[in-house]
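Protein chains: 2
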Amino acid sequence: MSLEAEWEQADKDGVTMKAALVDIGYLGTTPCHYRANKIQCHLELHIEQGPLLEKVGKTVGVVMSVQAMKWFCVRITGTEGHTGTMAMADRWDALVTASRFITAVRDTAKKTGLGVATVGVINSDSSSMCIIPGGVNFIIDIRCSTDAMVEQLSSAIFAEFDDITTQESNGTAYTITKSWGLPEAKFHTNCIDAMRNGALAEVPESLIMDMKSRAGHDSAWTSQFCPTSMIFVPSKDGLSHNPNEYSSPEHCALGAQVLLNAILNYDERVKSGEFC
Amino acid sequence: MSLEAEWEQADKDGVTMKAALVDIGYLGTTPCHYRANKIQCHLELHIEQGPLLEKVGKTVGVVMSVQAMKWFCVRITGTEGHTGTMAMADRWDALVTASRFITAVRDTAKKTGLGVATVGVINSDSSSMCIIPGGVNFIIDIRCSTDAMVEQLSSAIFAEFDDITTQESNGTAYTITKSWGLPEAKFHTNCIDAMRNGALAEVPESLIMDMKSRAGHDSAWTSQFCPTSMIFVPSKDGLSHNPNEYSSPEHCALGAQVLLNAILNYDERVKSGEFC
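First to last, the protein sequences are chains W and V. Residue 1 is where the first sequence starts when you use the working numbering, and the numbers rise one by one after that. Residue 1 is where the second sequence starts when you use the working numbering, and the numbers rise one by one after that.
In short, the hints are calculated from the structure, not lab data. Ideal placement from N, C-alpha and C gives every residue a C-beta, glycine not left out. Possibly wrong hints are sitting among the right ones.
Said to hold, decoys possible - Here are the computed distance ranges between Cβ atoms for each label pair:
hint	chain 1	residue 1	chain 2	residue 2	range
1	W	Gly181	V	Ala89	20 to 30 Å
2	V	Asp13	W	Asp237	38 to 48 Å
3	V	Ala10	W	Asp218	53 to 63 Å
Claimed, not checked - Facing chain V, from chain W, some residues (calculated, C-beta under 7 Å):
hint	residue
4	Glu80
5	Met88
6	Val96
7	Thr103
8	Arg106
9	Val116
10	Val119
11	Ile122
12	Ile131
13	Arg196
14	Asn197
15	Leu200
16	Ala201
17	Pro204
18	Met211
As the list claims (entries may be wrong) - Selected chain V positions facing chain W (in silico; Cβ < 8 Å):
hint	residue
19	Gly14
20	Arg214
21	Gly216
Input sequences plus hints: build the corresponding full structure.
Laid out in structure tokens, this is it:
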């Protein structure tokens, strides 16, 4: 489908992308789309958000790939009841089942060693301390080196959920909806090479490390459409998504210089005909 | 302290009860206080909110006492982190620890048979699926026949929390704050007797049952200041704090009639000098 035809397609409310942009005064003259304005390559600088560079005393990470990830929304239903009058044996407590599930998410990731699995968000239907919760929602974030490992780890976790439901045999039930996913992204050798050259112009090879990104990035998506790679600079204590996240000004400046070097290196090699 | 002196006492913001009532236009002429307007007795009708009357086919419950209850606020702290980059072994995940605690609350109540214990409310500091939760709050509701049993059950639960914290040895920590409590309330024999007479005037003795209230009620508080008792009518399927809570019009009308009979019976016995 052409870009214009795509913009003219109505959504379920009958609104086209073009009409929506006109409506908010944001329809410009330059098409903002990778097909209309082709991206030759995508080079990205980021803090590592993990502990590896710091741990081994390196300053630049050349990123080979981004690990695969999936999010699943879990809904558990039980029966609301009075915390004082409902006997323990008669309860269908959605929060107890959710708690066993959340513990199983962590335990299964540790036991299998396939990757990481986390529950960050939880919401109980009940806002009263004297109501047995009748429903609980939570979201699981699963990340592994490959798509196949994400499948393996999620299957292992859901098998635990089934076991727990059978053990409880307490009338609680659950549903799982896949919310979002990012397949494993392998970066382009040309971009990786330009990034490594950019780094070598600033620091000795002993301070450079090939690595995999364990966080998701814009580059994971652009890599589906154009040659892409990333570089990382160290994160203090590997902390990220935490108010104490920190990378030193020196490392940030080094990252910016390496990125500029890489862009110039890539550009020269396009001009020379080495890269197309 | 006299009632007037109590009203004139300033709170931590320097505001007296009397000034606050004047401020919102609610200072009336009749003192609304059990010491200024003495309550001779307190008789209360309620739906059972539990399954016992229905289960044994009775229609009126004469309530002897209200079980003891306590609420505890639990705060668990860990360390926020990135769900993709932080290895499973390095995590201080407050929600995993909270989940193990919540499961232990249920398991300990079932194992000891001392009473009921429930977590109805939970809140995670994180609202993002890609953040390892750094903090979680939840509230425990514990109810047992006696105050001593509430102490026993809460101690058993907190001992489990300590065991879990040691097993995890993952840097998560917790604090417990007592939020609210209601001591066991034993009702007055005069009121119980008037309630039983009121019931016997409407239904045969075989439909009347002596019982304990497992929910909290106004009567639990008034019983500390004046003779008090309650009657219960059946709750369908024992459901309460649930949208399907239901008591039949016939049972509600029977309860109202029994309550009226009891008030008249009590009143006559005060007039005759039997009750003072």
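With 53 to 63 Å as the target window, see if V:Ala10 and W:Asp218 comply at their CB atoms.
-> Given a distance of about 59 Å, which is inside 53 to 63 Å, the answer is holds.
Go through the hint on W:Val116 and say holds or violated, using the shortest Cβ distance to chain V against 7 Å.
-> holds, 6 Å
Classify the hint on W:Met88 as holds or violated, based on whether any CB of chain V lies nearer than 7 Å to its CB.
-> Status holds, d = 5 Å.
Are V:Asp13 and W:Asp237 spaced within 38 to 48 Å by their CB atoms?
-> holds, 42 Å
Once the shortest beta carbon distance from W:Val119 to chain V is found, is it less than 7 Å?
-> It holds, given that the least Cβ distance between W:Val119 and chain V is near 6 Å, below 7 Å.
Would the hint on W:Ile122 stand, with a C-beta cut-off of 7 Å toward chain V?
-> holds, 5 Å
Should the interface hint for W:Met211 be scored as holding, given a Cβ-Cβ cut-off of 7 Å against chain V?
-> Since the shortest Cβ distance to chain V is 11 Å, the answer is violated.
Would you check whether W:Val96 satisfies its interface hint, that is, whether its CB is within less than 7 Å of any CB in chain V?
-> holds, 5 Å
Given hint W:Ala201 near chain V, where the shortest CB pair must fall under 7 Å = Cβ of W:Ala201 sits 27 Å from chain V, so the hint is violated.
Status of the V:Gly216 interface restraint (C-beta, 8 Å, chain W) | Holds, about 7 Å.
Status of the hint placing V:Gly14 at chain W (closest C-beta pair under 8 Å) = violated, 31 Å
If you take the shortest Cβ to Cβ gap from W:Asn197 to chain V, is it below 7 Å?
-> violated, 26 Å
Comparing the model with each earlier hint shows violations of hints 13, 14, 15, 16, 17, 18 and 19; every other hint is respected.
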